[in-house]
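A.B. asks: The chain contents come next:
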Amino acid sequence: MKSSIFQNSRDIFLDTVNAKDYIQLDRVSTIYQSLKDSVKKPLKMILLYGKPGTGKSMFLTKLYHDLSSTQTVHLYSTPILDESEFFKTLAQDLLDVKYSGELNFTQFMKIMNENSNGEIYLVLLDEAQLYSSALMEKIRLLSDTRKVKFVITLHKTEKEDLIAKEHFQTRIWESVELENASSAELKIYIQKKLMKANCFDTANMFQNSSVDLIHKLTRGNYRDTNKLMYTLFNVYMWYEESNPIKINKSYISNKIIEMSAIQTGLLNA
Amino acid sequence: MLNIYELETKWLKYKIKSYIPHAVITLSIIVIAAIVLTKLNSNHDTSKTDTIETDILIEKVKHTEVLQKEIYTAPDINITSEKNILLNDIKEKSLIVQEMIPKNNFIKDKIVLTPSLNFMKNMQGNTPPYYVDIDKEEANSQDLKSEKQIRPKVFLEESNSEVDMEEVKEEKIIVVPVQAVKKEDSINITRQNTQKDISLVIKRFKKNNNPALSLFVAKKYYDIGEYRQAYNYSLITNQLNNNIESSWIIFTKSLVKLNEKEMAIKTLQQYIEYSHSNQAKMLLDEITAGKFK
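Protein chains in written order, with our numbering: chain A, -13 to 255; chain B, 2 to 294.
Looking at chain A on its own, in the form it has when it is part of the complex (with noise of 0.2 Å):
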């Protein structure tokens, strides 16, 4: 069976995480670039926090995607809860050293002054509000040892906030926020998109008012709209097999946009 255009382009937005999908942004480029040369410095630990769904991970994949080629780059997109499988993930990782039973901070530190050889590694902790407030401590007496840099992104809540403040204010050198795309900035992100994979035909029925619409229900929010995105061109796909009257190729429905929306739970129908 033939795949239909909407079908490829429902595709397009599935929830996932993959440094090929990253949309290059003016502003969220320009606050990409300040991330990697903020790297390059010598600094302890690097925080991108910013409201769910604003691109944290994205960025975070990108960034393991474009350091990985020229240093040692370590990425942990799912937190290690446990703090001696944290520390023995990180033995294994950075300093290659397998360690059977309990590993602590104290045990950690003394395998890191045996193995290591002056460079300086580079971890990437996503999702790092998860981490207790005693393992994080500990990040940070690792990252005093300027031996480990820790790039880690927080969800900007008052929680997470509170966990910036205690441990990582005084030795946080560097902090990005991720915002919500504007409605412009929406527009070029599904447009290009679209357009990545060749998606041209359902890239142009995006009229301003569409995305003005997609943007009042998402607020700018990345995986919401991906949401919404691919609910919007399931029914689009339901139409065409069922009932092709009633739509129209040549723009994007506010109705089915609205539908969508029900479907995926932005509007309380």
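What the hints contain is simulated information worked out from the structure, not anything from laboratory work. Idealized CB from N, CA, C, for every residue including glycine. Careful: at least some of the hints might be erroneous.
As the list claims (entries may be wrong) - Taking beta-carbon pairs under 8 Å as the criterion, some of the chain A residues facing chain B (in silico): (1) Met95; (2) Met98; (3) Asn220; (4) Trp224; (5) Glu244.
As the list claims (entries may be wrong) - Ranges between beta-carbon positions, derived for each pair: (6) His23/B / Ser236/A: 50 to 60 Å; (7) Lys18/B / Gln19/A: 24 to 34 Å; (8) Ser195/A / Tyr20/B: 11 to 21 Å; (9) Glu163/A / Tyr20/B: 31 to 41 Å; (10) Ser29/B / Lys202/A: 17 to 27 Å; (11) Thr64/A / Ile17/B: 43 to 53 Å; (12) Glu163/A / Lys14/B: 31 to 41 Å; (13) Lys18/B / Thr131/A: 52 to 62 Å; (14) Met181/A / His23/B: 36 to 46 Å; (15) Arg209/A / Leu3/B: 12 to 22 Å; (16) Ser29/B / Ala5/A: 47 to 57 Å; (17) Leu67/A / Lys18/B: 38 to 48 Å; (18) Asn(-6)/A / Glu9/B: 22 to 32 Å; (19) Ile17/B / Lys26/A: 51 to 61 Å.
Add chain B to chain A, keeping to what the hints say.
C.D. replies: Chain B in isolation, oriented as in the chain A frame:
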């Protein structure tokens, strides 16, 4: 799995829900606007009616003032000594009459009082044109005199009637019944050809030697049978102006009445030769035929 039909139903409900606040706000605005407009209109109407009522009141006052003036300046208003009685009756009926007079008939009720000229008609029959003009002037002057005499009389009677000015104002509105009474009891002024009147004309004649006045005297004397005097004044008239036909006719008629028939015929013949007057010829025929004695 997408259930599009359910999703469409939900979307329809959502649209209806989303339009409800707009509809409510729009309706509220319309209702408020309608109420405000209605109130404004009602206020405007009441102010209009107020102004109309004020206008009517002003019109009433003006009308009352006009009537007041008319009563005070009426030239031949004939208020006699019965006025007090009439006023009393009017005072009693004033309220009823006020109710009877419709509000919108103020202009219709306006009374125009004109002087009676009946006496002029009586005089026009037997006076020459020249005399008539003079007589009209005199009559007008006499009329003016009579007006002047009447007016103060009216005021005096009103002042003596011990009626307050407010009561008098009320009377003004009751001009209609007064007019009705006046029409019923209207007096035709007729001139009485008495010796007194003739003597007054003679006095005037002595002042200006107007042949019209002497002819008038001659005619009046002839009418009352004073042929000698008629003869004298017609002779005086002929001396002043020998072209007045009626003077010569009165002169010859008087001669006939004074048994001077021959002299009358002779005079007429001479006048006919001079003037070729048909009236003189007819009179000569009547005298010679013995029809006029």
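A.B. asks: If a hint holds in the structure, say so; if it doesn't, say that too.
C.D. replies: For each hint, the structure was consulted:
With a least beta-carbon distance of about 54 Å to chain B, the hint placing Met95/A at the interface is violated under the 8 Å criterion. The interface hint given for Met98/A is violated, since its Cβ lies 53 Å from the closest Cβ of chain B, which is over the 8 Å cut-off. The closest approach between the C-beta of Asn220/A and any C-beta of chain B is roughly 6 Å, which is under the 8 Å cut-off, so the hint is satisfied. Here the hint on Trp224/A is kept, as its CB sits about 5 Å from the closest CB of chain B, short of 8 Å.
Look at Glu244/A: its Cβ gets to within about 6 Å of chain B, closer than 8 Å, so that hint holds up. Under the hint 50 to 60 Å, the C-beta atoms of His23/B and Ser236/A, about 28 Å apart, miss the expected range. For the pair Lys18/B and Gln19/A, the supplied restraint of 24 to 34 Å is violated, since their beta-carbon distance comes to about 46 Å. Between Ser195/A and Tyr20/B the beta carbon distance is about 18 Å. The supplied range of 11 to 21 Å therefore holds.
The given range of 31 to 41 Å is respected by Glu163/A and Tyr20/B, whose C-beta atoms sit roughly 39 Å from each other. About 25 Å separates the C-beta atoms of Ser29/B and Lys202/A, a value consistent with the hinted range of 17 to 27 Å. In this structure the supplied range 43 to 53 Å holds for Thr64/A paired with Ile17/B, their Cβ-Cβ distance being about 45 Å. At roughly 39 Å, the beta-carbon separation of Glu163/A and Lys14/B lies within the given 31 to 41 Å, and the hint holds.
About 60 Å separates the C-beta atoms of Lys18/B and Thr131/A, a value consistent with the hinted range of 52 to 62 Å. Separated by about 37 Å at the C-beta atoms, Met181/A and His23/B satisfy the suggested range of 36 to 46 Å. The beta-carbon spacing between Arg209/A and Leu3/B, approximately 20 Å, falls within the hinted interval of 12 to 22 Å. For Ser29/B and Ala5/A, the Cβ-Cβ distance of about 55 Å falls inside the hinted range of 47 to 57 Å, so the restraint holds.
One distance hint, 38 to 48 Å for the beta-carbon pair Leu67/A and Lys18/B, holds here, with the actual separation near 44 Å. Separation of Asn(-6)/A from Glu9/B is about 25 Å and conforms to the stated range, judged on CB atoms against 22 to 32 Å. Between Ile17/B and Lys26/A, the C-beta spacing of about 58 Å keeps the proposed range 51 to 61 Å intact.
Violated hints for the displayed structure, listed by number in ascending order: 1, 2, 6 and 7.
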